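**Student:** Input sequences plus hints: build the corresponding full structure.
Just so you know, the sequences run in chain order A and B. Going left to right, the first sequence walks through residues 6 to 326 as the numbering used here numbers them. Going left to right, the second sequence walks through residues 20 to 260 as the numbering used here numbers them.
Because the hints were derived from the structure by calculation, they are not lab data. Keep in mind that this is a model prediction, so the values were computed, not measured. Ideal Cβ placement from N, Cα and C applies to all residues, glycine included. Be careful, since some hints might not be right.
[Said to hold, decoys possible] So, partial list: chain B residues that the calculated Cβ filter (under 10 Å) puts toward chain A:
id	residue
1	Tyr96
2	Gln99
3	Phe104
4	Gln105
5	Tyr111
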Amino acid sequence: MAVSKTSEPIPAGRPAGPVSAWFLCHVNTSVDALGRLARQPFASLMILLVIAVTLALPAAMYLVIKNAQSIGSNWENALDFSIYLKSDVTLEDATRLAGLIRQRADVAQVTLISAQDALDEFKSASGFGAALDHLKTNPLPHTLVVRPSGANTEQSMILLHEEVGNLPEADLVQVDTEWVQRFHAILDILRRAIAIGAVLLGVAIVVIIGNTIRLDIQNRRDEIEVTKLIGASNAFVRRPFLYSGLWYGLGGGLLALALVRYGLYALEQPVRRLAGLYNSAFSVLELNLSESLLITGTGVLLGLAGSWLAAARHMRRIEPR
Amino acid sequence: MIRIEDVTKRFPGGQEALRGLTLSVDRGEMVFITGHSGAGKSTLLRLIALIDRPTSGQVIVDGQNTARVSRRKIPAYRRQLGMVFQDHKLLYDRPVFDNVALPLIISGIGYRDAGRRVRAALDQVGLLNKEKRHPETLSAGEQQRVGIARAIVSRPKLLIADEPTGNLDPDLSLEVMRIFRRFNEVGVTLLIASHDLALIDQLGCRRIPLENGALQVEKDRDEVSDYFEGAGAHSPEDRWR
Numbered sequence: 006m007a008v009s010k011t012s013e014p015i016p017a018g019r020p021a022g023p024v025s026a027w028f029l030c031h032v033n034t035s036v037d038a039l040g041r042l043a044r045q046p047f048a049s050l051m052i053l054l055v056i057a058v059t060l061a062l063p064a065a066m067y068l069v070i071k072n073a074q075s076i077g078s079n080w081e082n083a084l085d086f087s088i089y090l091k092s093d094v095t096l097e098d099a100t101r102l103a104g105l106i107r108q109r110a111d112v113a114q115v116t117l118i119s120a121q122d123a124l125d126e127f128k129s130a131s132g133f134g135a136a137l138d139h140l141k142t143n144p145l146p147h148t149l150v151v152r153p154s155g156a157n158t159e160q161s162m163i164l165l166h167e168e169v170g171n172l173p174e175a176d177l178v179q180v181d182t183e184w185v186q187r188f189h190a191i192l193d194i195l196r197r198a199i200a201i202g203a204v205l206l207g208v209a210i211v212v213i214i215g216n217t218i219r220l221d222i223q224n225r226r227d228e229i230e231v232t233k234l235i236g237a238s239n240a241f242v243r244r245p246f247l248y249s250g251l252w253y254g255l256g257g258g259l260l261a262l263a264l265v266r267y268g269l270y271a272l273e274q275p276v277r278r279l280a281g282l283y284n285s286a287f288s289v290l291e292l293n294l295s296e297s298l299l300i301t302g303t304g305v306l307l308g309l310a311g312s313w314l315a316a317a318r319h320m321r322r323i324e325p326r
Numbered sequence: 020m021i022r023i024e025d026v027t028k029r030f031p032g033g034q035e036a037l038r039g040l041t042l043s044v045d046r047g048e049m050v051f052i053t054g055h056s057g058a059g060k061s062t063l064l065r066l067i068a069l070i071d072r073p074t075s076g077q078v079i080v081d082g083q084n085t086a087r088v089s090r091r092k093i094p095a096y097r098r099q100l101g102m103v104f105q106d107h108k109l110l111y112d113r114p115v116f117d118n119v120a121l122p123l124i125i126s127g128i129g130y131r132d133a134g135r136r137v138r139a140a141l142d143q144v145g146l147l148n149k150e151k152r153h154p155e156t157l158s159a160g161e162q163q164r165v166g167i168a169r170a171i172v173s174r175p176k177l178l179i180a181d182e183p184t185g186n187l188d189p190d191l192s193l194e195v196m197r198i199f200r201r202f203n204e205v206g207v208t209l210l211i212a213s214h215d216l217a218l219i220d221q222l223g224c225r226r227i228p229l230e231n232g233a234l235q236v237e238k239d240r241d242e243v244s245d246y247f248e249g250a251g252a253h254s255p256e257d258r259w260r
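**Tutor:** Shown next, in the form of structure tokens:
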């Protein structure tokens with residue numbers, strides 16, 4: 006039907022397929038929202054930085070724990086313990102005993118350190134070499150260093166300690182690994198503390214983004230009124246703000262990864278030097294792919310949550326007058 | 020097309036904008052609501068656009084009782100109407116094209132089709148070459164025509180306009196009315212609130228005069244004509260041909 010005599014009729018405008026139109030609409034809205042952020046680069050960058058720092062803090066703490074744990078896990082494998090034999094046990098008896106213990110199923114390896122070897126090592130390592138030369142007898146006992154097999158549980162380890170401790174030749178069983186367990190207990194506490202902190206910081210991000218979107222909504226009040234006046238639904242009006250929140254979250258998440266990455270880069274040299282001093286091949290563990298995705302995804306979700314809260318709260322109130 | 024049945028609108032303050040108003044507009048009519056400011060013109064249009072709800076009485080638009088349009092259905096309802104405002108209500112952060120395309124985007128019409136329809140609508144208001152301009156660079160009359168293009172781009176059966184020429188000088192007003200008239204000629208029903216009696220009389224359309232929220236007692240035709248002569252209007256024929 007012609008609407009005008011003088012000009013082209015408005016074409017019927019067969020609607021695009023519902024899905025593709027919907028998709029296009031979302032693409033356009035999201036690009037539009039991104040452009041809006043880009044038009045205020047400084048303000049947007051400030052908000053991104055706040056979000057990034059807030060995300061990077063727990064991420065960095067998590068990395069510290071992860072690295073501490075990886076150091077600790079090397080120690081945990083080293084569950085070796087020492088059996089100091091009574092001083093009257095001869096080298097032959099000690100060798101025989103080592104053979105016996107080695108046959109146990111729960112023992113992987115037994116190393117005999119003879120009293121003489123121990124003394125020699127002590128002389129060379131302690132710097133008391135000359136003084137020790139004056140000793141008439143060797144005060145050190147023979148020692149068996151036992152490496153339990155990997156299949157041991159905490160219970161069977163205790164049993165093993167007891168059983169070898171009860172051997173008539175054994176004087177003292179020294180377990181060096183209790184502090185490793187304490188270390189892990191401390192890490193557990195820290196990990197939980199970080200989780201609590203992360204939740205609080207997440208709430209902070211929701212509030213920050215929510216507040217930013219709220220201001221944005223107020224600034225665009227007229228626009229919202231007009232679009233509602235010509236038939237826009239709440240969902241339509243809300244959409245650009247949700248995308249703003251999404252972009253804030255995504256940008257903040259990526260920036261947080263960059264911050265963490267830069268922090269690791271700054272720490273790399275000193276850590277390598279320290280590891281070198283300990284003759285360790287330790288290198289700093291970085292965030293792996295799934296952790297990076299988790300941080301970015303968290304940013305996106307929190308951004309959406311913040312903008313959703315703000316939009317749901319304020320959008321309904323803005324009605325054409 | 021529009022039936023207003025015994026409608027009263029009372030504001031929280033207690034003052035009544037409409038008192039027991041009853042009127043109807045047929046399909047394909049072009050009708051002016053006239054009256055002084057405060058007579059209830061805008062309130063009536065607001066009820067039709069579901070910006071407000073009547074305190075009592077019924078507003079029936081295109082067979083639809085607006086009382087039954089739930090809050091969630093209001094957007095879909097408004098999409099069937101074309102609305103033109105005195106202050107244009109354009110979005111000044113985007114070009115003319117985007118302003119006119121907005122109703123189509125809201126309705127989820129693909130961009131390619133939207134482009135053709137927007138250009139056709141702009142063509143009808145004579146602004147085809149201004150689609151890339153920003154509204155603030157246009158004159159008041161051009162801005163109002165952008166507003167009209169936006170109102171008609173989704174091809175509504177009913178177009179309501181609240182003082183569409185309120186801010187325009189007589190020549191521009193006439194141009195706007197000509198555009199409305201052309202829509203009317205192809206079957207669009209128009210309900211226009213205006214106090215520009217001189218202009219309305221040139222068009223020879225039905226008038227619904229309101230006074231204090233109710234139908235004004237019909238004035239003597241001569242009295243009205245006297246009013247126009249006093250205002251120094253040209254003969255309708257002159258201005259329309």
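**Student:** All hints, please: hold or fail.
**Tutor:** Do the hints match the structure? See the list:
The interface hint given for tyrosine 96/B holds, since its Cβ lies 8 Å from the closest Cβ of chain A, which is under the 10 Å cut-off. This hint holds: glutamine 99/B has a C-beta 8 Å from the nearest C-beta of chain A, less than the 10 Å allowed. Hint status for phenylalanine 104/B relative to chain A: holds, with the closest Cβ pair at about 8 Å, below 10 Å. The restraint placing glutamine 105/B at the interface with chain A is violated, with a minimum CB-CB distance near 13 Å, outside the 10 Å limit.
Against a cut-off of 10 Å between C-beta atoms, the interface hint on tyrosine 111/B holds, since the closest Cβ of chain A lies about 9 Å away.
In the structure shown, a violation is registered for the earlier hint numbered 4 alone.
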